[in-house]
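S.K.: For the protein sequence lines, the chains are B and G, in the order given.
All residue numbers for the first sequence refer to the working numbering, where the first residue is 1 and numbers rise by one.
All residue numbers for the second sequence refer to the working numbering, where the first residue is 1 and numbers rise by one.
Just so you know, these hints were derived from the structure itself, not from any lab.
C-beta: ideal position from N, C-alpha, C; glycine also.
Check before you lean on any hint, since a few could be wrong.
Think about it this way: if two alpha-carbon atoms lie no more than 30 Å apart in a straight line, the pair counts; the simulated DSBU-like pairs of lysine-lysine are [stated by the list, open to error]:
| no. | chain 1 | residue 1 | chain 2 | residue 2 |
| --- | --- | --- | --- | --- |
| 1 | B | Lys129 | B | Lys293 |
| 2 | G | Lys13 | B | Lys199 |
| 3 | B | Lys293 | B | Lys199 |
| 4 | B | Lys199 | G | Lys22 |
Coverage of chain B stretches by chain G, computed from C-beta distances (three or more under 8 Å per stretch; other residues unrestricted) [what the hints assert, rightly or not]:
| no. | segment |
| --- | --- |
| 5 | 126 to 134 |
| 6 | 205 to 212 |
| 7 | 285 to 295 |
| 8 | 326 to 339 |
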Amino acid sequence: MSIEKTPSRVTEKMIDARSAPSDSIGTIAWLRTNLFAGPINTLFTLFACYLIYLLIVPSLQWALIDANWSGTTRADCTGEGACWVFISARLDQFIYGFYPEELTWRVDIVFAIFAALVAWLAIPNMPVKGLVAIATLAVFPFIAFFLLHGGSFGLEVVGTHEWGGLMLTLVLAVVGIVAALPMGILLAMGRRSDMPIVKSICVVFIEFWRGVPLITVLFMASVMLPLFVPGEVNLDKLVRALIGITLFQSAYMAEVVRGGLQAIPNGQTEAGVALGLGYWRNMGLIVLPQALKLMIPGIVNTFIALFKDTSLVLIIGLFDLLAIVQAGLADPKWLGYSIEGYAFVALIFWVFCFSMSRYSQYLERLLHTGHKKR
Amino acid sequence: MTHPASRPPAKVKPPFWRDPAKRALIFQLLMLGGVFGVLALIVSNTLTNLESRGITTGFAFLDNTAGFGILQSLIDYSEQSTYGDTFIVGLLNTLLISALGVIAATVIGFVMGVARLSPNWLISKLAAVYIEIFRNIPLLLQIFFWYFAVLRALPSPRGSLSLGEAIFLNVRGLYVPAPIAGAGFSVVLAVFVLAIVASGVFIYWNRQRQAQTGQRLPAGWISLGIIIGVPLLVFVVMGMPLTWELPELKGFNFRGGITVVPEFLALWVALSVYTAAFIAEIVRSGIEAVPHGQTEVSRALSLTNSMTLRLVVVPQALRVIIPPLTSQYLNLIKNSSLATAIGYPDLVSVFAGTTLNQTGQAIEVIAMTMLVYLTISLLVSMFMNWFNARMALVER
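Pulled out of the complex, with its shape left as it was, chain B reads as follows (with noise of 0.2 Å):
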């Protein structure tokens, strides 16, 4: 048996591989597909440039290029650019408010503990989640108020009327979620209830805290609340705000903790109701803990939109983060800065919200894989 020769026609040696086109790989390949692809396409580049040209860079050279940055008076402020020396001058009371200065430390306190309990929670994978959990929402508060508030321990007390700024905000968006929260539970529940008269009252409370402004609700609260209650009783005008804002909540938190019961099979249910659990047993050992793990990001949502509406308490005379800029503006010293401070409480808000909103994405990815129908 013979080899057969290789015809000469056929090459021994393989033949390298071309590099694609130059236009078909690369940055000069995703331009054209992104940015030029069609006569349409680069117009609407042009056109998106021009706005980049319009509004963006000059909204950059004057927040960062021109701007001044250090300094302790107005007279500092000589450029064209922002004036962000407006900002430092007044921080500590845009964080503060009106909390006496040699206190601070306790406020920062609350904020490291806050801090460390809330990443402890957000960080996958970390562990007794569920003590954290019980402990942020149960015994957090009380360290808070004792902190915060004194009068006890040696604490000098520091009455709610010097509370003011960033730390007022977060307290008010806190307390708001955390007293929410239980509420929610149980008229989600009382909203799902067989028991017709349960289910009117519960249906009722949450569409009417729904229907209405948050802004009336916060002028009910501080009109109408005072006299609701025995004249020799006195509300704190905190207090009757958080009242308002945690009722207004708990009826949102509701329709979050409906929607995180909804999703659980009735086959839950009816297995513990087999197992012979009541109703409280079941709704607390297998109901709840897996609807729960679903409601984050509804509540993260949630609490989202609170934090962004605490800024409404400015209406009745509180001091939260945007009342105390807004009241600095009026300021003679520092008339003409309205940008700078706008500015400086829409980037707190910002960073805030977005990276709340992007946590609860997250969540909702990390969430859904076990749970998807398709």
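Position chain G against the provided structure of chain B, taking the given hints into account.
M.R.: Chain G alone, transformed into the frame defined by chain B:
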């Protein structure tokens, strides 16, 4: 040895606290009693408090003279008008800002939502930046920004920014020409209304005809022609009975034309821009919710791009878009109450603000205000339920 359980158990009636039906009844009665108890406590406290403060209850105050002026009113209002009139003025102003806000927010939101899905990278990223910036900043801050930082920084009337000597913008507001209807303009309006009705009839007829013969006239263009062309023809025939009154600088201020107060402008811009950011996200997710296979199938059926969009994608996307969209509209209506922070005379600002402070009738005023918003919410959710029932997929 017999096991005791093998015998049939004796019929023992469970005690009433073990009977679910009775237990539910008792629980509900207790809850009802609790709710009524709290309400009764509140009412009795309130009555005592009101008595000790010397406030009379009831709605008689609505007939008293208000005695304060209102910045902007859609009806005739003067300081001699009653508190009841302030309610109407505030309500109309709320409805006005809500209606215009809904329109502007929808337009901006749809444009931004589609831009977010644009194949052009820059356009899509710019839309994303817009959405992420404006929906993560409190609305109140945005209102303040537009009002105090932008509109309050405009030049005085003498240095107004102007567009073609007809539209002027200055620190006192926006001045636009006012249309003045001459004799016969009502005929044009009547023809316009008739044309709308006629085009509706035409579209109906066209559908019937398509169902019977399979042929279809370009309904969109023809009805547009009927609605715009016919009234325009009548308008020209009647001798153009419409003149414009231009705003003119007289002394220190503008006279004539329509004045849009800066409070209104700031609130309108802020509400539309804020809500539009949410609407853009809704539109984006609605369009993305239509499976890609749908587009491919319509390509395979050789539908044109615009037909694919009009007949396949949009109807399915709308089903996803409309429910959250209505709740955004509701939010916008409720958020319009932030007007009170900059003094635009909406319901909360005028009625729950000034009127409440002057009369001290907190309960009546807040109840009336809340009732208005509740009614609007209820109407909108009724519409939404109706719409959902109509649009729901008919499962086969």
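S.K.: Does each hint fit the structure? Answer for all of them.
M.R.: Going through the hints against the structure:
1. B:Lys129 <-> B:Lys293: With a Cα-Cα distance of about 12 Å, the restraint between B:Lys129 and B:Lys293 holds, given a limit of 30 Å.
2. G:Lys13 <-> B:Lys199: holds, 29 Å
3. B:Lys293 <-> B:Lys199: holds, 24 Å
4. B:Lys199 <-> G:Lys22: holds, 17 Å
5. 126 to 134: violated (count 0)
6. 205 to 212: With 5 residues closer than 8 Å to chain G, the segment 205 to 212 of chain B meets the three-residue bar; holds.
7. 285 to 295: violated (count 0)
8. 326 to 339: holds (count 4)
Consistency note: the structure conflicts with the earlier hints numbered 5 and 7.
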